[in-house]
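A.B. asks: Quick note: the first sequence, position 201, residue 361 per this note's numbering, numbers continuous.
Just so you know, these hints were derived from the structure itself, not from any lab. C-beta atoms are modelled at their ideal positions from N, C-alpha and C, and glycine is treated no differently. Just so you know, not all the hints are guaranteed correct.
Label pairs and their in silico Cβ distance ranges [what the hints assert, rightly or not]: (1) Y256 <-> L289: 23 to 29 Å; (2) R195 <-> M332: 29 to 35 Å; (3) L257 <-> N347: 18 to 24 Å; (4) L257 <-> D297: 15 to 21 Å; (5) Y259 <-> V182: 30 to 36 Å; (6) R238 <-> E300: 39 to 45 Å; (7) N333 <-> D192: 31 to 37 Å.
With a cut-off of at most 30 Å between alpha-carbon atoms, the simulated DSSO-like pairs for lysine-lysine come out as follows [what the hints assert, rightly or not]: (8) K203 <-> K334; (9) K334 <-> K311; (10) K299 <-> K203; (11) K352 <-> K302; (12) K334 <-> K366; (13) K203 <-> K311; (14) K366 <-> K303; (15) K303 <-> K352; (16) K284 <-> K334; (17) K299 <-> K311.
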Amino acid sequence: MCFLFPMLVLTAEKNKFKSMSVLSRSFYTRTDVVRIARELLGKYLVTQLNGRLTCGIICETEAYAGVSDRASHAFGGRRTHRTEIMYSTGGTAYIYLCYGMYSLFNIVTNQKDIPHAVLIRGIKPTEGLETIRQRADIKEIKKDIGIGPGKVSKILGIHYTQTGHDLTQKPMNKIEFGIWLEDRGMNIDPNKILSGPRIGVQYAGKDAMLPYRFQISL
DNA sequence: CATAGGATCGCCT
DNA sequence: GGCGATCCTATGT
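Make the full structure from the sequences, and use the hints.
C.D. replies: So this is what it looks like as structure tokens:
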């Protein structure tokens, strides 16, 4: 037992380190975008902009399964100036403008040239609440402040001009711009995950009914 | 070049 | 639940 004890401590330390880690390339380059969309629930989405750190727990996602998914911008292998970023390696940000005024934040997944992506539809803010309140242009923070893909970007300072950003790199200092994700060891009970059809994709025919939307209540 | 429409939101009724 | 805001994107001439 006295030989085993230090090993247990080491294992605990190792797990602790792992539980605070920035999500790495290998998390994003896996092939199952629907699984990744589920696993992103409970992860922390962090931005640093103009020296301000803001952060929230991801609580709603949608998977977009590339060339075979009629709801995806990359359906049929379409490549345009806008969608080109979707063909990057997993762990790249795909951010585009919706309805002329909302930047929508997506995470590219899978290997290069396979245009899968996960749309982040909701977060629960945890850090930088005063900055978030200012960006939202409201007097007091309410519970639904981070619910809705347009709101996620607005409160975190994410803008469509940042599309293509590498999500696996933290900024090198307190000033540099960055968007990244962290696993802080939050455990999500699979039974608590709600799933259903994606929002706003009625044009996608039968694919509009796929249960690719996932959410948890926090 | 012109134009229709969009992976939305907040305010109004 | 209905609607306007607001402008880029994709497509067609």
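A.B. asks: Now, for every hint given, state plainly whether the structure supports it.
C.D. replies: Going through the hints against the structure:
1. Y256 <-> L289: 23 to 29 Å: holds, 27 Å
2. R195 <-> M332: 29 to 35 Å: holds, 32 Å
3. L257 <-> N347: 18 to 24 Å: 35 Å Cβ-Cβ, so the 18 to 24 Å window is violated.
4. L257 <-> D297: 15 to 21 Å: holds, 19 Å
5. Y259 <-> V182: 30 to 36 Å: Roughly 32 Å apart at Cβ, these two residues keep to the hinted range, so it holds.
6. R238 <-> E300: 39 to 45 Å: Distance hint for R238, E300 holds at roughly 43 Å.
7. N333 <-> D192: 31 to 37 Å: Holds, since N333 and D192 (Cβ atoms, about 36 Å apart) stay within the stated range.
8. K203 <-> K334: holds, 22 Å
9. K334 <-> K311: Cα-Cα ~24 Å, so holds.
10. K299 <-> K203: Holds, because 27 Å separates the two Cα atoms, which is no more than 30 Å.
11. K352 <-> K302: holds, 23 Å
12. K334 <-> K366: The given pair, whose Cα atoms are some 47 Å apart, is violated under the 30 Å limit.
13. K203 <-> K311: holds, 18 Å
14. K366 <-> K303: Given that 30 Å is the threshold and the Cα spacing comes to 34 Å, the pair is violated.
15. K303 <-> K352: holds, 19 Å
16. K284 <-> K334: Roughly 23 Å between the alpha carbons, so the hint for K284 and K334 holds.
17. K299 <-> K311: holds, 16 Å
Hint compliance for this structure: hints 3, 12, 14 are not met, and every other hint is.
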